[in-house]
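Peer 1: From first to last, the protein sequence lines stand for chains A and B. The opening position of the first sequence corresponds to residue 0 in numbering that gives the first Met the number 0, with each subsequent residue numbered one higher. The opening position of the second sequence corresponds to residue 0 in numbering that gives the first Met the number 0, with each subsequent residue numbered one higher.
Where hints are given, some of them may not hold.
Partial chain A-side listing against chain B, Cβ under 10 Å, derived [said to hold, decoys possible]:
(1) Thr33
(2) Tyr44
(3) Tyr46
(4) Glu65
(5) Ala74
(6) Gln75
(7) Phe76
(8) Pro80
(9) Leu90
(10) Cys94
(11) Tyr95
(12) Lys97
Using 20 Å as the maximum straight-line C-alpha spacing, the simulated DMTMM-like pairs for lysine to aspartate or glutamate come out as follows [what the hints assert, rightly or not]:
(13) Lys528/B <-> Glu469/B
(14) Lys27/A <-> Glu294/B
(15) Lys315/B <-> Asp17/A
Hint data in this document are derived by calculation from the structure and do not stem from the laboratory. Quick reminder that beta carbons are idealized off the backbone N, C-alpha and C, glycines included.
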Amino acid sequence: MPNLITLIPFQGTKEQEDRLREAIERHKGEPGATMPVMQEAQEIYGYLPEEVQVIIAEELGVPLTEIYGISSFYAQFTHNPKGKHKINVCLGTACYVKGAGNVLDKICEVVGCEPGGITEDGLFSVDATRCIGACGLAPVMMIDEDVYGRLTLDKIQGIIDKYR
Amino acid sequence: MNFVRSHVLVCGGTGCTASKSPEIIETFHSELKSHGLDKEVSVVQTGCFGLCALGPIVVVYPEGSYYTQVKVEDVNTIVEEHLLKGRIVDKLLYKETDDKGVERSLNNTEFYLRQHRIALRNCGVINPEMIDEAIAFDAYQALGVCLTEKTPEEVIEIISASGLRGRGGAGFPTGMKWKFAAASPGPVKYVCCNADEGDPGAFMDRSVLEGDPHAVLEAMAIAGYCIGANQGYIYIRAEYPLAVRRLRIAIEQAKEYGLLGKNIMGSGFDFDLEIRLGAGAFVCGEETALLTSLEGHRGEPRPRPPFPAVKGLFGKPTVLNNVETFANIPWIINHGADAFSCMGTEKSKGTKVFALGGKIKNTGLVEIPMGTTLREVVEEIGGGCPNGKKFKAAQTGGPSGGCIPASLIDTPLDYESMAAIGSIVGSGGLIIMDEDNCIVDIAKFFLEFTMDESCGKCSPCRIGTKRMYEILEKITQGRATLEDLDTLEELGNHIKENSLCALGQTAPNPVLSTLRYFRDEYEAHVVDKKCPAGVCKDLVEYKIITDKCTGCTACARICPVDAISGKVREPHVIDPSVCIKCGSCLAACKFGAIIVE
Numbered sequence: 000m001p002n003l004i005t006l007i008p009f010q011g012t013k014e015q016e017d018r019l020r021e022a023i024e025r026h027k028g029e030p031g032a033t034m035p036v037m038q039e040a041q042e043i044y045g046y047l048p049e050e051v052q053v054i055i056a057e058e059l060g061v062p063l064t065e066i067y068g069i070s071s072f073y074a075q076f077t078h079n080p081k082g083k084h085k086i087n088v089c090l091g092t093a094c095y096v097k098g099a100g101n102v103l104d105k106i107c108e109v110v111g112c113e114p115g116g117i118t119e120d121g122l123f124s125v126d127a128t129r130c131i132g133a134c135g136l137a138p139v140m141m142i143d144e145d146v147y148g149r150l151t152l153d154k155i156q157g158i159i160d161k162y163r
Numbered sequence: 000m001n002f003v004r005s006h007v008l009v010c011g012g013t014g015c016t017a018s019k020s021p022e023i024i025e026t027f028h029s030e031l032k033s034h035g036l037d038k039e040v041s042v043v044q045t046g047c048f049g050l051c052a053l054g055p056i057v058v059v060y061p062e063g064s065y066y067t068q069v070k071v072e073d074v075n076t077i078v079e080e081h082l083l084k085g086r087i088v089d090k091l092l093y094k095e096t097d098d099k100g101v102e103r104s105l106n107n108t109e110f111y112l113r114q115h116r117i118a119l120r121n122c123g124v125i126n127p128e129m130i131d132e133a134i135a136f137d138a139y140q141a142l143g144v145c146l147t148e149k150t151p152e153e154v155i156e157i158i159s160a161s162g163l164r165g166r167g168g169a170g171f172p173t174g175m176k177w178k179f180a181a182a183s184p185g186p187v188k189y190v191c192c193n194a195d196e197g198d199p200g201a202f203m204d205r206s207v208l209e210g211d212p213h214a215v216l217e218a219m220a221i222a223g224y225c226i227g228a229n230q231g232y233i234y235i236r237a238e239y240p241l242a243v244r245r246l247r248i249a250i251e252q253a254k255e256y257g258l259l260g261k262n263i264m265g266s267g268f269d270f271d272l273e274i275r276l277g278a279g280a281f282v283c284g285e286e287t288a289l290l291t292s293l294e295g296h297r298g299e300p301r302p303r304p305p306f307p308a309v310k311g312l313f314g315k316p317t318v319l320n321n322v323e324t325f326a327n328i329p330w331i332i333n334h335g336a337d338a339f340s341c342m343g344t345e346k347s348k349g350t351k352v353f354a355l356g357g358k359i360k361n362t363g364l365v366e367i368p369m370g371t372t373l374r375e376v377v378e379e380i381g382g383g384c385p386n387g388k389k390f391k392a393a394q395t396g397g398p399s400g401g402c403i404p405a406s407l408i409d410t411p412l413d414y415e416s417m418a419a420i421g422s423i424v425g426s427g428g429l430i431i432m433d434e435d436n437c438i439v440d441i442a443k444f445f446l447e448f449t450m451d452e453s454c455g456k457c458s459p460c461r462i463g464t465k466r467m468y469e470i471l472e473k474i475t476q477g478r479a480t481l482e483d484l485d486t487l488e489e490l491g492n493h494i495k496e497n498s499l500c501a502l503g504q505t506a507p508n509p510v511l512s513t514l515r516y517f518r519d520e521y522e523a524h525v526v527d528k529k530c531p532a533g534v535c536k537d538l539v540e541y542k543i544i545t546d547k548c549t550g551c552t553a554c555a556r557i558c559p560v561d562a563i564s565g566k567v568r569e570p571h572v573i574d575p576s577v578c579i580k581c582g583s584c585l586a587a588c589k590f591g592a593i594i595v596e
């Protein structure tokens, strides 16, 4: 998965920033403090946007390139926010030939974001995933832990509305 | 202290926790209370018993009744029948312990009889969240002996004499490692614990940390005393939340008791510990990469020498050992080097924990003396392959290891014997495969893993694993030539020789060892364009046996691509040009009319 820099505007609050600065203060001077600080930052914001990386870099006196290097190296860190509800559309072979590509497009149209992105209100994020092993129900998507199968384009609006 | 007549031990390992053991414990508490038994029966949440396949596990002492797959609804039965009336609940007993009406204790079952639990000695015995229970089982006794009766040199001598070697995979003699670090000059040194268990399929380190965290803390303090370090770090995966929590509790309790921190046991020796969380990178299991990550950088390895014992964490002399290695240390000090070295083979001493998984009845953790044969593990301890299938091969050491074919099932599991046949002990992952597994597919699976996890610092590993993966993909799709097999072998050997760290040096192992023992299976993919195990999708075809098909239409209705046609009550046909081999029809057919060739 490409670890893209998100285009979603940063919506961090003053309270989050205070918590971040408090965490940095706590770890500052500790040897090898960058990783624990970044882990706490991701817990506070849910992801590591550029704005947060800048604060960490400045406060710890570490080049921003290094913070970015670390955040793009480890699988645990993400540069993209995830929505309150995570939509995963299966693009395995069975789903694909049954029109999962169209389903994905329709979902993006209904919620209003690109694949791999998040809606402006942060309610939904949409991702394409590998086969989830429910080929008999193709095409399939998952919203959080719920599986929806035998999707048709006209069903999608109704399903999404349940989560609004 | 109250007199307690019975102990109910409930497994609190990750596997059993996922299958509701916390609710079982809660229900025990409330049921016991409502029967007025809460003063005489004590409920203990323990670490892993090892037989994860049959969790959640509940053991009632003093009888030693071994209940498996216990459900919340069963708690009431156990309380009313066993604890109140003294009648053991037969239907919940592990079947092996109930031999023709005669109950056997836990330790006499095939699964446990051949095991010697040293590293796992307290797992499933004590409550890992109570230091008093650990102390009652000798925790911190070895540390006390070392600090008050022995010089660091004497302790290192005991460890060397025991023959203990690194359990993380490389098998480097632990005593020698400590000796080097002790000999390195400098006032600041470090002891680190590698708990970044990255092999998909191994979980012994997690179980030790969840079941007996004090064993690791104690051993790290002993290592600190031996090399002259006052600070330790435990680098643990963030994916092990339960182990992290228990470690935190254990460190706090040990500090409270004066067993960690300043002036331990009044000896003047200080030792403090900190937990650092990994962030999801397989390469961080390699020692120099782990230390780089601990320093707060991208977890990339660096060339050795200098070895960590000379120049390690923050450029200071450092001892880095794996969890299981540490867990053996206190036992060795308490029981003597001879008690340890009398087990195992000439060069591989003591025991090793293996994580038994894949196509085997008793999946779980087994701790056996080094040199136990694979046959004993598979057939006796593991109970063989399920559904009467034939054992085909065992993959050892995860993505860094190799396979042992059925023809070599009598290979002793120790460092030398396994290296001789092109495999490794590694971290101790032991995945059993039966006739339904495709060897090429498994090799491809591991290569995909190492390719993804290559850190990218050196090109043999970064580019080489990708090229190998591409060739394997060609093979499984039936597009390869015999020449590709030779290229694959040559490339693998190059990557082994030229990579910077152990990740790259071992990444080709799964391919090279399967090429060695299962070349005919590779050739079947290449020459005949067939996958003998029927796994590789591009090389199999789904067919309907006309005689068996009743024309029920179930397959045609479930097929996602409408590849199946036919009239009702007449045999159906699959159109191979449309079929995507998703397997839905195979699952839907009630008459066994669909076959995979």
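Peer 1: If a hint holds in the structure, say so; if it does not, say that too.
Peer 2: Results for each hint:
1. With a least beta-carbon distance of about 4 Å to chain B, the hint placing threonine 33/A at the interface is held under the 10 Å criterion.
2. Because the beta carbon of tyrosine 44/A sits about 16 Å from the nearest beta carbon in chain B, more than 10 Å, this interface hint is broken.
3. Restraint check, tyrosine 46/A versus chain B: the minimum CB separation of about 14 Å is more than 10 Å; hint violated.
4. Interface restraint check: glutamate 65/A against chain B, minimum CB-CB distance 7 Å, threshold 10 Å, status holds.
5. Annotation: alanine 74/A was flagged as interfacial toward chain B, and the flag holds, the nearest CB pair being 4 Å apart, inside 10 Å.
6. About 4 Å separates the beta-carbon of glutamine 75/A from the nearest beta-carbon of chain B, less than 10 Å, and the hint is met.
7. The criterion of a C-beta within 10 Å of any C-beta in chain B is met by phenylalanine 76/A, whose closest approach is roughly 6 Å, and the hint holds.
8. A distance limit of 10 Å between C-beta atoms decides the matter here; for proline 80/A the minimum to chain B is near 18 Å, and the interface restraint is violated.
9. Hint status for leucine 90/A: violated, given a least beta-carbon distance of 13 Å to chain B, over 10 Å.
10. Satisfaction of the interface hint for cysteine 94/A is found here, the shortest Cβ-Cβ separation to chain B being roughly 8 Å, below the 10 Å cut-off.
11. Interface hint status for tyrosine 95/A: upheld, as the beta-carbon distance to the closest one in chain B is roughly 9 Å, under 10 Å.
12. With its C-beta approaching chain B no nearer than about 5 Å, lysine 97/A sits inside the 10 Å limit, and its interface hint holds.
13. Restraint check: the Cα-Cα separation between lysine 528/B and glutamate 469/B comes to about 17 Å, which is no more than 20 Å; the hinted pair holds.
14. Taken as a hint, the lysine 27/A and glutamate 294/B pair is honoured in the structure, with Cα atoms around 13 Å apart against an allowance of 20 Å.
15. Restraint check for lysine 315/B and aspartate 17/A: the C-alpha separation of about 35 Å exceeds 20 Å, so the hint is violated.
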